[in-house]
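> Make the full structure from the sequences, and use the hints.
For what it's worth, this note's numbering labels the leading residue of the sequence shown as 29, then goes sequentially.
Simulated from the structure, these hints should not be mistaken for laboratory data.
Bear in mind that the values here come from a model prediction, so they are computed numbers and not experimental data.
Take these hints with a grain of salt, some might be off.
Quick list of simulated restraints, FRET-style, between CB atoms [to be verified]:
no., residue 1, residue 2, range
1, Ala-92, Asp-68, 40 to 50 angstroms
2, Ala-71, Arg-107, 37 to 47 angstroms
3, Asn-32, Asn-103, 36 to 46 angstroms
4, Ser-106, Asn-32, 37 to 47 angstroms
5, Glu-43, Ala-71, 12 to 22 angstroms
6, Lys-59, Ala-39, 34 to 44 angstroms
7, Asn-32, Lys-97, 31 to 41 angstroms
8, Ala-36, Thr-62, 26 to 36 angstroms
9, Val-102, Ala-36, 35 to 45 angstroms
10, Glu-35, Asp-58, 34 to 44 angstroms
In silico DSBU-like cross-links for lysine-lysine, where the CA-CA straight-line distance does not exceed 30 angstroms [claimed, not checked]:
no., residue 1, residue 2
11, Lys-59, Lys-49
12, Lys-49, Lys-82
13, Lys-49, Lys-108
14, Lys-101, Lys-59
15, Lys-101, Lys-80
16, Lys-49, Lys-38
17, Lys-82, Lys-40
18, Lys-108, Lys-38
19, Lys-108, Lys-82
20, Lys-97, Lys-38
21, Lys-80, Lys-40
22, Lys-82, Lys-38
23, Lys-97, Lys-40
24, Lys-38, Lys-80
25, Lys-49, Lys-101
26, Lys-82, Lys-97
27, Lys-49, Lys-97
28, Lys-38, Lys-59
29, Lys-49, Lys-80
30, Lys-80, Lys-97
31, Lys-40, Lys-101
32, Lys-59, Lys-82
33, Lys-101, Lys-82
34, Lys-59, Lys-108
35, Lys-80, Lys-108
36, Lys-108, Lys-97
37, Lys-40, Lys-108
Glycine included, each C-beta is placed from N, C-alpha and C at the ideal position.
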Amino acid sequence: KELNRGEAEKAKNAELYEQAKAIVLGALSDKPATISEIYDEVADELPEGFSKGKVQYAITRLWADEVVKTEGKVNSYSRKA
29 KELNRGEAEK AKNAELYEQA KAIVLGALSD KPATISEIYD EVADELPEGF
79 SKGKVQYAIT RLWADEVVKT EGKVNSYSRK A
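Below, the structure is given as structure tokens:
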């Protein structure tokens, strides 16, 4: 029982990130945008409970190989060509 503890939560989170991926990456263009700008654009379309922090985590960790990071005072992200 202990071995599977948290597995349902992990599966639920993985499903949320998968649902959000197409929405978030679809909002990216070749013009860099900050996490806040990206979140503001897609907030209404995201699954319930998918916060700005989750968008940031996904873009910077999970989907990092699919975006271009532009470093600055505030980092911005765009779609990889």
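> Determine for every hint whether it applies to the structure shown.
To see whether the hints hold, each was checked on the structure:
no. : hint                                 : result
1   : Ala-92 - Asp-68: 40 to 50 angstroms  : violated, 21 angstroms
2   : Ala-71 - Arg-107: 37 to 47 angstroms : violated, 19 angstroms
3   : Asn-32 - Asn-103: 36 to 46 angstroms : holds, 37 angstroms
4   : Ser-106 - Asn-32: 37 to 47 angstroms : holds, 40 angstroms
5   : Glu-43 - Ala-71: 12 to 22 angstroms  : holds, 19 angstroms
6   : Lys-59 - Ala-39: 34 to 44 angstroms  : holds, 35 angstroms
7   : Asn-32 - Lys-97: 31 to 41 angstroms  : holds, 36 angstroms
8   : Ala-36 - Thr-62: 26 to 36 angstroms  : holds, 34 angstroms
9   : Val-102 - Ala-36: 35 to 45 angstroms : holds, 36 angstroms
10  : Glu-35 - Asp-58: 34 to 44 angstroms  : holds, 39 angstroms
11  : Lys-59 - Lys-49                      : holds, 18 angstroms
12  : Lys-49 - Lys-82                      : holds, 11 angstroms
13  : Lys-49 - Lys-108                     : holds, 14 angstroms
14  : Lys-101 - Lys-59                     : holds, 17 angstroms
15  : Lys-101 - Lys-80                     : holds, 19 angstroms
16  : Lys-49 - Lys-38                      : holds, 16 angstroms
17  : Lys-82 - Lys-40                      : holds, 14 angstroms
18  : Lys-108 - Lys-38                     : holds, 28 angstroms
19  : Lys-108 - Lys-82                     : holds, 20 angstroms
20  : Lys-97 - Lys-38                      : holds, 27 angstroms
21  : Lys-80 - Lys-40                      : holds, 18 angstroms
22  : Lys-82 - Lys-38                      : holds, 14 angstroms
23  : Lys-97 - Lys-40                      : holds, 28 angstroms
24  : Lys-38 - Lys-80                      : holds, 19 angstroms
25  : Lys-49 - Lys-101                     : holds, 26 angstroms
26  : Lys-82 - Lys-97                      : holds, 17 angstroms
27  : Lys-49 - Lys-97                      : holds, 17 angstroms
28  : Lys-38 - Lys-59                      : violated, 33 angstroms
29  : Lys-49 - Lys-80                      : holds, 13 angstroms
30  : Lys-80 - Lys-97                      : holds, 17 angstroms
31  : Lys-40 - Lys-101                     : violated, 34 angstroms
32  : Lys-59 - Lys-82                      : holds, 22 angstroms
33  : Lys-101 - Lys-82                     : holds, 21 angstroms
34  : Lys-59 - Lys-108                     : holds, 11 angstroms
35  : Lys-80 - Lys-108                     : holds, 21 angstroms
36  : Lys-108 - Lys-97                     : holds, 9 angstroms
37  : Lys-40 - Lys-108                     : holds, 28 angstroms
Against the hints set out earlier in the document, violations occur for numbers 1, 2, 28, 31.
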